[in-house]
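A.B. asks: Residue numbers (my numbering), protein chains in the order written: chain A, 6 to 369; chain B, 629 to 865; chain C, 1492 to 1724; chain D, 28 to 317; chain E, 5 to 315.
It is worth saying that the hints were derived from the structure and are not from the lab.
Ideal placement from N, C-alpha and C gives every residue a C-beta, glycine not left out.
A hint or two may mislead.
Far from chain E, some chain B residues (derived; all Cβ distances over 10 Å) [unchecked claim]:
1. N633
2. T682
3. R687
4. F688
5. V693
6. E718
7. N724
8. V727
9. T733
10. D738
11. K740
12. A751
13. R799
14. M801
15. F837
16. Q839
Simulated pairs of lysine-lysine, BS3-like, Cα-Cα distance not exceeding 30 Å [what the hints assert, rightly or not]:
17. A:K355 with A:K161
18. A:K46 with A:K306
19. D:K142 with A:K275
20. E:K79 with A:K161
21. D:K142 with A:K347
22. A:K94 with E:K79
23. A:K276 with D:K142
24. E:K79 with A:K115
25. A:K302 with A:K115
26. A:K271 with A:K115
27. A:K264 with A:K40
28. A:K271 with D:K142
29. A:K218 with A:K169
30. D:K142 with A:K264
31. A:K40 with D:K115
32. A:K128 with A:K264
33. A:K166 with A:K140
34. A:K44 with A:K355
35. D:K142 with A:K234
36. A:K48 with D:K142
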Amino acid sequence: EEFTVGAELPLTGTLARVGSGMQEGVMVAAEVFNKTNGKHKIKIVTIDDESAPAKAVAAVEKLASQGAVAITGGYGSNNISPASDAANKLGLVYITSGGVDDSLVNSGRKNFFRINNTAGYEKAVQGLLADMGVKSVSIVFSTKEATSDLANSVQKVLATKGVKAVTHSFDPAITDFKPIINKIKLQDKSEAILMVGYENDYVGILRAARVLKPPVKAMIGVWSLATPKMASEFPDLMPNVYGTALLPFPAHFDTADGKAFAEAYKALYKKEPDYLGQFGYVQSMLLFEAIARAADKGTVKKGGVAEELRKTDRDTLIGRVQFGANGDNPNFVHRMGQHQGKNIVIVWPKETATGSMVYPGLPW
Amino acid sequence: MLELNNLSVRFGGLTAVNAVTLTVGTHDVVGLVGPNGAGKTTLFNAISGLVRPTGGTIRFDRQDVIRTPIYRRARLGIGRTFQIPQPMHELTVRENLVVAQRFGTGRIDDDKIDEILEFTSLADKAHRDAATELALTELKALEVAKALATTPRLLLLDEVLAGLETSGKRRFMGMLKEMHERFGVGIVIIEHDIETINSLCQRVVVLNFGQLIADGTPDAVFNDPEVIRSYTGAAHA
Amino acid sequence: MLELDQVRAGYGAINVLWDVSLKAEAGKLTTIIGPNGAGKTTLLRAIMGLVPVTAGEIRLNGERLNGTPTWEMADHGIAMIPEGRMVFRDMSVEENLIMGAFHKSHRQHVKRRLEEAYEMFPRLRERRTQLAGSLSGGEAQMLAMARGLMSDPRLLIIDEPSLGLAPLIVNELFEILERLKAGGRTIVLVEQNTERAVAVADHVYLMQSGRVALSQSASEVQLQHLHDLYFAR
Amino acid sequence: MTELILQALYSGLLQGGSYALIALGLALVFGTMRVINLAHGELVLLAAYIAYSVESGLGLNPAWAIPIALLVVSATSAGVYWIVSRIKQDREINSLILTFGIGVILTNLILLIWKADVRSTSSSWLQEAFVVGPLYSMRSELIFFVVSLLLMGGLWWWLSRSWYGRALRAVSSNRDAAKLMGIAPGRTELVSFIVAGMLAGFAGVALYSYGVIQPAYGGALTVKAFIITVLAGVGSIPGVLIGAVLLGVAEALTVTLASSALQELAGMTLFLLVLFVMPNGLMGAARRRG
Amino acid sequence: MKRVWWLAALAAAYGAVPLLLGADNYIMSLIVAAMVIGCVALSWALLGNLGGMVSFGHSAFFGVGAYVSAIVTVKLGVPVLAGLALGGIGALLASVVMLPVLRLRGPYFALAILAYAHIFRILATEWTSLTGGSGGIANIPGLPTILGYDMSGKTGAYLTILTIVLAFALAYRAIRASHYGTALRAMHDSEDATRVVGVNSTLLKGLMLMVSAFMAGVAGAFNAHYINFLEPDYAFNGLWVTLPIVAAIFGGYRTIAGPVVGALVVYLLDQLVFKTLIPTGHQLVLGGLLVAMIIFSPTGLLALLRRKDHA
Ligand SMILES: Nc1ncnc2c1ncn2[C@@H]1O[C@H](COP(=O)(O)OP(=O)(O)OP(=O)(O)O)[C@@H](O)[C@H]1O
Ligand SMILES: Nc1ncnc2c1ncn2[C@@H]1O[C@H](COP(=O)(O)OP(=O)(O)OP(=O)(O)O)[C@@H](O)[C@H]1O
Ligand SMILES: [Mg+2]
Ligand SMILES: [Mg+2]
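Bound conformation, chain A alone (with noise of 0.2 Å):
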């Protein structure tokens, strides 16, 4: 039996670097599910939201009536809020990992899953302070939604902790990071500069804090910072450079399902898994393995979906995953990975490390 599966997502726009990115895995998703799955099958129908939620609501609304029975995909809390509204008037799941503010599973949407959040990401970050030992940090963060969310956390978390954190939020508008950086070096002192924002805000950050030379022991950034393309694109600023990251690189994929994932990248893509792509691979295979258990009762069109992806309990790329009764996914932790050399080493928890952290490191 064949299903439609509605992507979402955003493709040009703000967000369209990002979009892709998950645009990838899904696909992939889909390949590897079609390939392995003798049973069904399922088709991807994919709509750009152009970055926009009136766009991302019909574009839900338009998969629906293309006979979409699940919607994967999905970006920005402002996109996915009413996405997934549109989705859950029509009944129809929307899983997703783009967003990761709190109100998205706390407002009572029935058939809404995502598989990471903020907390997941604090506690990697904290982890990782708590073993280098680091008394002092600065917080850099976008004001923007997700970053500031997160940024703010962390901060308290590390209070409670005893660890001195001063934060600096900056408008996502700015390039020149010279008189942020210069305030940490002349009055912050920390020890660690923790960066909360997206790829352009931490070339430039850690572009400035080259310039600058601040006396701290390490650098540290969340999503797409610890990535083999930030690796090859900036020789000179990633050295050392800690961030959140899935896999190492080069990756070496103990699972079958890993192994599955990467080979169909590759054959698909021709470069090297992001983690984008493996946060989509990872949401829409749970999606399409529920929809295959539900198929087989017969209770597609029943609200069955949902119910099977509740019951998922299963070792993904990501981790283990189980949703809880508001969709979100309780075990979500991140792990942390350093640049050294060409390669990224994950250097938190100590469980999934790969080698050990160079502290004090900075790509100076």
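Please build the complex by placing chains B, C, D and E with the ligands on the supplied structure of chain A, with the hints as guidance.
C.D. replies: For chains B, C, D and E with the ligands alone, kept in the frame of chain A given last:
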């Protein structure tokens, strides 16, 4: 009706109007003459509120109007024309007058507008676009028509006759005289044609380098040696 | 030198000139007079290509001029002095004058011509660095005149140069016109001051309602008669 | 504290230089044609992506992209002019939407060609620190600051002293009168667009060498450039420099003395304050009335 | 004759559209989104056509309207319909802060308003206690039930925004037909000339700014209750001004129907046709369409249709 006291206007280092003291009565027709760049237009601008004087006072009907905004001075009864005509863009000739009348007087009187159009020979151009479809002299006529539509009590005319040929001038002067008598409008008119001034005005004032250098009957003023030297170049009366 | 043959022109739907034919002889001053709205300015603009000619022919020394873009008129040694409103308001007085000598063949003479222009209108020297847009009406008129003379044109087309000028300056203006004529320039002059225009002219055309109503040599013109006939409406 | 402020002033100055470079082409076209080219940011971005291709594809220093960027971007800019010149009426407002449309086209072309990834130079030579006493900057920032000053000086000279520059201003001031002087308005305006394109070319390569680019960035660049152009006053080149530096310094000082979240707020407030005091911009002249 | 056409159009808008398309959620949500843009476009065009002012900052009014309405309904429990009106009034009050920019002209004005939009966005981000900061406000109440009909569905939302737009269009028409309308038209390039005949141009322009702000504010408020979610980047997004400008000019910003028709045509064409043809990068076609439109029919779509009519 209009009293200027020590009025001055400076642009940067240039004093365009220099301590001018002048009174215009309700029934006066005053000619304002002087060399190019003497400050005549600037004086009008100050009276109607388009430039802020750097010193002195302006009273209209005994009331200090120096801080009164332009539009309110218009409603008080100060009407003016622009030396370089400024029709209201995007409107027809007739609409120009409607706006002037409606906002200058608060009322609409179609007959009056027809009368003014007739008066200024614009009746057959009433539906032309004022900004793009008129010749220079027609634009000047429109300037007068607009000012008239606001039913002013003091009319400041800036070279409205320039560019008119002799008979047109004569007709226009007749119109001004009639206006003066019929509506009791006080007039200050800037004009370089001395014959026109002679036949229109009982009183002439002369500006030179922003200063008032003569004030009197046309006869007296145009025979003043200083006026002859700086302005006319020859005796005219 | 300049010849118009059955020229029609106007603004879009409004036709203004109706089959106008006239001639301006080399080295002579031809004046065009006529009541307001007769189409004099339109005629001059049509010659310069600023108003499209819909019928007829304009010739310069026998060569067809219709359709020549305005900016190529300078190549033919033609300059027009428009009304004072047409100065470059956002440029200084001196830059305005310099623009008058924009054509390649005149650029090297700029310094000397500037000096001549200031000589002619000392007021402009005083206002050298002022923006032309802030000049008084008369000053702008002088500037337009001086700018037109910067290119030392062979054929000079002038629209109401005395407009808004003080009597003293008007006298000077007509002296300048005399001098230009004596210097062998061909001039087409539109002027409202008919008396003085006819006095300097060699030939007079009278326009009325877009048509040439009369063509006479200046010496034959009886002004009073003309006024009674054509101007009174 | 003084050290902080000194660095803020210095950073602001350099940032101002880069803002000015980005604004220059827009200011030129605005000053000479009263046309606001809303595709200007995209032109700058196009040059930046060309620099990226030269660096990553050919392995050369991005500076080598300058000739190609100049060529491609000025040709594109000429294309923009060709379209703008086809507008028959209300050029001021219609050109807005026209160039906006062109900007949309360019953004999407860039997206299709170069993908949505974030790009920036990887040349370590350009990113190296340049230190004078207590003042720190990136080498590329300083280099392009100097380039920016030189270009500004050149443009200023060209506009105010050369025949072509004067012709440009004359056309913008009074088209018919300019024709009477023997100036072909169309050709002159084309040149202004081509020069604006070249300036955008420089700006783009500069941007790539010290900033981070992505396809959706063009609009933000246009807005910054536009703000500086307006701050400057119509067509004033010194105004562009003063306005840009003022903005850069105000932003840097806000970050240093208050919060970096308020940087944009400070910039906008400064912009409004200047306009309230000087409604015609820093170097704009008031019009004569009456 | 003309009146008959208008009545037919009205009947189609109120009757045929919901009946024929009401079942299709997707089409209806496109139409509603287009109408929201059309409403802002109308307000933008009013300011442009009557006030002679091109604004790049209508997103300021849209955002303020959205926030005010969201806050009063969520925090104070004000009914949604009253919230819509308060949203409009909030935007109007925001425009009062902007009155000093009326001294500015042309692009100076356009950008100054944009600066306000940026400032408001930053305020909405930083004033966390009131606005929820960058996280925004979720679970904004939807449109209420009126006369037993639940307006929170697609058809209800459509009828609501249609009525709002219609009311605004009528108000616009009344202003334009009045003497104030004529005086406003006159002011564009000749402000001094209108002042010296007694027009208080600053007041008139100020009023137009306020009316326009009110309209955009109501549109923003409506959208907040329709999408049920708000955050600064979204509420003050530049798209809330660029799309309406495109729509208004495309349809013909000098006419009253133009902006709304323009919004519908542009948005629906883009989403239904171009997006199907080129799933990503379809804006390319839209850009091309805009360019072609300005060159071939600069006065807008309606003028183009009218011309075809005569030919
Ligand atoms: N905004 C301004 N900035 C600088 N100078 C100005 C400004 N406005 C006027 N001037 C100068 O002030 C002087 C007076 O100008 P004004 O227009 O009042 O002269 P006028 O007497 O009307 O002359 P005309 O008879 O030529 O019209 C002129 O020399 C003019 O150049
Ligand atoms: N731009 C225009 N559009 C439409 N009609 C125009 C335009 N300019 C002038 N006209 C009309 O053309 C006719 C001739 O105008 P023109 O300016 O050539 O007259 P003129 O002889 O120069 O008069 P004047 O003595 O007033 O300068 C007038 O009736 C005028 O209304
Ligand atoms: Mg004057
Ligand atoms: Mg004329």
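A.B. asks: State for each hint whether it applies.
C.D. replies: Hints, one by one, checked against the model:
1. N633: Label holds. Min Cβ-Cβ 23 Å, cutoff 10 Å.
2. T682: holds (20 Å)
3. R687: holds (19 Å)
4. F688: For F688 (chain B), whose nearest Cβ neighbour in chain E is about 14 Å away, the distance exceeds 10 Å, so it holds.
5. V693: holds (14 Å)
6. E718: violated (5 Å)
7. N724: The claim breaks: N724 (chain B) does not keep its Cβ more than 10 Å from every Cβ of chain E (closest is about 7 Å).
8. V727: violated (5 Å)
9. T733: violated (8 Å)
10. D738: D738 (chain B) clear of chain E: closest Cβ-Cβ about 13 Å, beyond 10 Å.
11. K740: Holds, because the least Cβ-Cβ distance between K740 (chain B) and chain E comes to about 14 Å, which exceeds 10 Å.
12. A751: holds (20 Å)
13. R799: holds (24 Å)
14. M801: M801 (chain B) is indeed farther than 10 Å from all Cβ atoms of chain E, at 23 Å.
15. F837: holds (26 Å)
16. Q839: holds (26 Å)
17. A:K355 with A:K161: The hint holds at about 24 Å.
18. A:K46 with A:K306: holds (16 Å)
19. D:K142 with A:K275: holds (15 Å)
20. E:K79 with A:K161: Holds. K79 (chain E) to K161 (chain A) sits at ~26 Å (cutoff 30 Å).
21. D:K142 with A:K347: It holds: about 24 Å lies between the C-alpha atoms, which stays within 30 Å.
22. A:K94 with E:K79: holds (25 Å)
23. A:K276 with D:K142: holds (14 Å)
24. E:K79 with A:K115: Given pair K79 (chain E), K115 (chain A) holds - Cα atoms ~25 Å apart, limit 30 Å.
25. A:K302 with A:K115: Holds, at roughly 20 Å.
26. A:K271 with A:K115: Violated, at about 36 Å.
27. A:K264 with A:K40: holds (14 Å)
28. A:K271 with D:K142: holds (18 Å)
29. A:K218 with A:K169: holds (21 Å)
30. D:K142 with A:K264: Satisfied, since the Cα-Cα distance of roughly 27 Å is no more than 30 Å.
31. A:K40 with D:K115: Violated, at about 60 Å.
32. A:K128 with A:K264: holds (27 Å)
33. A:K166 with A:K140: Holds - the C-alpha atoms of K140 (chain A) and K166 (chain A) are around 9 Å apart, at most 30 Å.
34. A:K44 with A:K355: Violated. K44 (chain A) to K355 (chain A) sits at ~40 Å, over the 30 Å cutoff.
35. D:K142 with A:K234: The hint holds at about 14 Å.
36. A:K48 with D:K142: Roughly 25 Å between the alpha carbons, so the hint for K48 (chain A) and K142 (chain D) holds.
In this structure, the hints that do not hold are numbers 6, 7, 8, 9, 26, 31 and 34, in rising order.
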